[in-house]
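Protein chains in written order, with full-length UniProt numbering: chain A, 1 to 368; chain B, 1 to 368; chain C, 1 to 368; chain D, 1 to 368.
The hints are simulated quantities; they were obtained by calculation from the structure and are not laboratory data.
Keep in mind that a hint or two might mislead.
Unchecked claim - A short list of chain B residues far from chain D (calculated; beta carbon distances all over 10 Å):
hint, residue
1, T65
2, G159
3, P226
Said to hold, decoys possible - With a cut-off of at most 27 Å between alpha-carbon atoms, the simulated BS3-like pairs for lysine-lysine come out as follows:
hint, chain 1, residue 1, chain 2, residue 2
4, C, K282, B, K282
5, B, K257, C, K282
6, B, K163, B, K349
7, B, K282, D, K282
8, B, K282, A, K282
9, B, K257, A, K163
10, C, K282, A, K282
11, B, K282, B, K163
12, A, K282, B, K257
13, A, K257, B, K282
These numbers were taken from a predicted model, which means no experiment stands behind them.
Idealized CB from N, CA, C, for every residue including glycine.
4 protein chains.
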Amino acid sequence: MPLKPQIEHPEAQNRRVGFAVVGLGKLSVEELLPAARTSEHAYVAALVTSEPDKGEAFALALGLTPDDVYTYEEFGRLRERSDVEAVYIVLPNSMHREYALRAAEAGKHVLCEKPLGVNVADAQAIVDGCAQAGVQLMTAYRCQYTPEHWAARQAVQEGRLGKVKLLDSIHVQVEDDPEVWRLRLGLAGGGPLPDVGIYSLNTVRFVLGQEPEWVFAAQHRPQDDPRFTEVEESVSFMLGFGGGVIANCLTSYGALKTSTLRVLGEEGSLLMDPAFPYQGVKLTIEDEAGRFEPSFGSHDQFAREFDHFAQRVRSGQTPWTPGEEGVQDHIIMDAIYQSARSGQVVQLKKVEGQDVFRGIPPEVPGQE
Amino acid sequence: MPLKPQIEHPEAQNRRVGFAVVGLGKLSVEELLPAARTSEHAYVAALVTSEPDKGEAFALALGLTPDDVYTYEEFGRLRERSDVEAVYIVLPNSMHREYALRAAEAGKHVLCEKPLGVNVADAQAIVDGCAQAGVQLMTAYRCQYTPEHWAARQAVQEGRLGKVKLLDSIHVQVEDDPEVWRLRLGLAGGGPLPDVGIYSLNTVRFVLGQEPEWVFAAQHRPQDDPRFTEVEESVSFMLGFGGGVIANCLTSYGALKTSTLRVLGEEGSLLMDPAFPYQGVKLTIEDEAGRFEPSFGSHDQFAREFDHFAQRVRSGQTPWTPGEEGVQDHIIMDAIYQSARSGQVVQLKKVEGQDVFRGIPPEVPGQE
Amino acid sequence: MPLKPQIEHPEAQNRRVGFAVVGLGKLSVEELLPAARTSEHAYVAALVTSEPDKGEAFALALGLTPDDVYTYEEFGRLRERSDVEAVYIVLPNSMHREYALRAAEAGKHVLCEKPLGVNVADAQAIVDGCAQAGVQLMTAYRCQYTPEHWAARQAVQEGRLGKVKLLDSIHVQVEDDPEVWRLRLGLAGGGPLPDVGIYSLNTVRFVLGQEPEWVFAAQHRPQDDPRFTEVEESVSFMLGFGGGVIANCLTSYGALKTSTLRVLGEEGSLLMDPAFPYQGVKLTIEDEAGRFEPSFGSHDQFAREFDHFAQRVRSGQTPWTPGEEGVQDHIIMDAIYQSARSGQVVQLKKVEGQDVFRGIPPEVPGQE
Amino acid sequence: MPLKPQIEHPEAQNRRVGFAVVGLGKLSVEELLPAARTSEHAYVAALVTSEPDKGEAFALALGLTPDDVYTYEEFGRLRERSDVEAVYIVLPNSMHREYALRAAEAGKHVLCEKPLGVNVADAQAIVDGCAQAGVQLMTAYRCQYTPEHWAARQAVQEGRLGKVKLLDSIHVQVEDDPEVWRLRLGLAGGGPLPDVGIYSLNTVRFVLGQEPEWVFAAQHRPQDDPRFTEVEESVSFMLGFGGGVIANCLTSYGALKTSTLRVLGEEGSLLMDPAFPYQGVKLTIEDEAGRFEPSFGSHDQFAREFDHFAQRVRSGQTPWTPGEEGVQDHIIMDAIYQSARSGQVVQLKKVEGQDVFRGIPPEVPGQE
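Next comes chain A alone, as it looks inside the complex:
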């Protein structure tokens, strides 16, 4: 990934959308800040963190000044920063709502990490707050912005696989730090489901462009593992779509990293394996003629997210994965937990149509 000097095109700089990155955890530091440097339409203009020293160090590394670093207490002062047009919220799930609403109130557009909140009500409040404030809201589903996932979606939607019958997805990894906020129900809203299982859920919905009609789920929480006193270790869930299409999904914090998606059609199938890494997603499409592994230019998934949202901010159009897309995953995840608790199938409200919760597609990433 090239080092892109931010002042190379000062005139471009003026038109780029300035973001305040809220939260300097691992994802921000290892992925988002480097990605922002390669974005064409966005740049990082401010940092919000509880550790001012760390913030200042990164500010300098980004060519910013100590004045561009804010504590959470000082968040409201971003209002004065006309160059900060948007925030990217990278906080524990339970804090998304507060900072999204504070940002909205300050007139800033909101790009929020997934899951949007900790449950449906929480996520809906974010949507409502942003709508009332008249700011844009996007849920940061990076796998809806990669050329590999768009190629998979195209294979499905353009009939390359014939009629799709079944899907299967796995996203598991080991979470071995008992202290991490992701294992606290109050902070995370759940265990592996809203953190990694959501990729399976969201990607199945994305490639089909349709919404499930029912769910069934089972979960497991070991009795004797200090990591899982509040949240589940594993969830298996089944999603029923119209026309008899069924998707089986597995997620866990207790198994070695695996991430896959299979789509089985009557004339072909596709496999993404690994399906959800930051880089190195591999897609294989198989039919009677053989196996094809398309080639994709290198790209940065996070830069694509930045770019897409910045473009929507400029155009005023709804982003491809707005808040409503995030709410819909919460509706389904709430149903998954309900099913896992009750042992019963949970019916979902029927949603007709294609890509009902999505906005304007990103620029042809599948064509790269």
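Got chain A sorted already, so can you dock chains B, C and D onto it with the hints?
Then chains B, C and D, alone, in the frame of chain A:
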């Protein structure tokens, strides 16, 4: 696969177990008869078929005579053939019972294709009849006799993957002949589930060595497809095991051939892909150190089945996959259909212990 | 591979070409006799062997009688067998000439294992003898009859890779039996080069359809290894073609089995790996768009050889790989050894044109 | 790759080795500058470029000031910069000598891109100049600093493959810009050989730890291609080592990107494919037991180079790939061109011993 002249060692010939192959369909002709030629402990001594001309042709190809060919009406005359010690039943599922019982009454040991019958009662009748007649009975689960599947089982049971958490298996293929007996409920006892889905079910049970405690399933039967007027097109089923282990499985007659098994453990995972072909099974074991794809000498799965059963006939010991193993799959498949119809979880009778329905293991196939 | 009863279609039997298989070594027993059973146009009508007991056993296994078995001394009596129209010579290389000429004299068409002889003069004598006797002669280059190799050739010749620049091929295996005839110079004519290296040589010529203009080679014979007292252990050879195309090849009896072919073009490349096994050849074609692994139906390479030669016998046309094709490889192998001895480049006589030493192509195997 | 703020640990900063990067071409901008940010022992303290505006932009992006940017005319002023202890020369090959010697005269240690010069005399002059000036010199062979290449070397040297017999390497790519300096003989010293073929040459020497005794080569320069008026399009070369080990290599500017290395031993083989990319090197080791694809943590090859040289600067020890390692490749490349011109084998001066031209190994990268 070498051509092994049957008379090469006449003395060995005397000790080998002579089989009557009952049914000359595709499986018999393309797999079983060639396999029998490479078996060390078994040979084909007679053929039973409704097409005497075809039977005679194959008899000659096998070095037999027209006198070694019987019609179904003449089946009883096998009683007189002391050199025929066993039968291999390769008929539509609904005919297994009749011919297994007729063979048992004639004092012949019975190797029967999977599924053992068309439902639990049917399969249990075969077990009971063979027990009363004092003959051996084996369900022909070829994937419990391959070195690849044994290596997978060993990786699971010897802890190479750490504690196993989740499993995932797919076995789908396109059945496009609306006239085939496999699509008639009365002849097959079901659709893809007892034909190909049974591989996922049986192999999950085999690698874990344990029995599921509950099942949930959903199925799909398209309304307008002449192939699926009697049986389902697809079934998705979830199996719950002790300790929170869950297996997700997909089976279908409507999707391009795919066969996989994944086992996800806390320290490693394994993938069989393809998992269930006659040849070319591929096993990959992955852990933090990397990926390992063990090498296996070439072998014939069907010859292994013949050999194992012939050895058990000689030793009088229970074969590894006796009739009880076949009945247990029917118990679970009946529960899967019940769940799919009711939309409810179906609890199974708890079965404690390891390999409860299995006999004496085959010779170290995993060591080859 | 299905068991195909030879008497199934007696009328077809009459039109099939009857072969005498000369030599019952491992290749005959494990590959050729089973393959013959699946051939559409050929069948085995007689066996020639120095071990009559073994011969009779195989005769019976093939549905023949002891009268169909001949010793080498009795070879001449094949003349009387009008049903034996051709012989397949599967003997140590140094014996090809004698039996090819004896067969030709007896009016039998000759299918001869590769290499055709032990050197150019030897191979040319076979060509001349068959021509004089007016019988067909084919060198058994099975890799010129597989759909995978034809697909590779098509990718090269139809421009899918752009202009071809370079090729690279490896064919090595361990020969650990010091007693085997392949390690005797007088019997084999060389070491790994005429046995396995010839696959690289022949396949490079086949996919290009052109002849090399010069060769350079180096060889190694360890001083202290009892296996290599007469022949080399390894040969590395470089082949120069028109237009600056160069092929690098490696062959050895001292390294774990590897067989590959790469063709590097300006717009794409192809890889066969493994390139030369009896089954499981894998072809991958790569270009800017991605990697494509075409799918091929299962088939028997040896049955294709039988079929092709039987069809040419019937039609009277020159087979695709006639004796001249075998002589050409000997010309090049002689030059390779000469270069390896001298350390000098050896120029070959320039051969213009495409497929100069080949006859009528086999039936569209690339289309399967 | 995380953004590592350079001022995070000011005390560490003081101990890190400051580099001036000389030349801001594609490699510097896309790989070296980002890599330097992740180095533990090195940092970029100055930039030398003919484009001051570009230099200043990158300086700011790196947290430097316009005062840290120098033109080539101002190169001598680096002498005054005590914080600049070393230079990394990333210029056209023919300019390495001038700037290496100017740096040495200024008392700066020299890390120089490969190839070290444009021929033996040129490279030797760099070695001599640095020795006289008492500064360290390292040739930037990044593939001698990756865990994947060290794992390959270990497999060879520790006998995992048994006795090594043959090697094969390919490194080709399309160079389609007729204007690029790499196609000017005076600037580059050759065509693909010193640019990409050198990877095959250097890596074969690295994994064996030994030096070739002779070379043979053939090259091709198309008559009608404006790109190849001065340098070759392709070179095929054969390297002969002690004990009869032979390596075949292919390099070209005219074929779609491919980079491989195979090592064939009597008990196993290894394949690197791709072998030489900046990231995504894949190693597979195969033996009778199966195939093993070891897993390596993510790492930056260029950061490893920076780190290793910085550590050697601090310790005063000879780096693993000193100037002598670069000279040795030139000796062999000169012989390759000589052989290609003459059509004769060229004998090299015999070099006994292991890793004769190398210094102190880098920190156990193979153990990561």
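Problem set entry | Ascending list of hint numbers which this structure does not respect | Failing hints: none at all.
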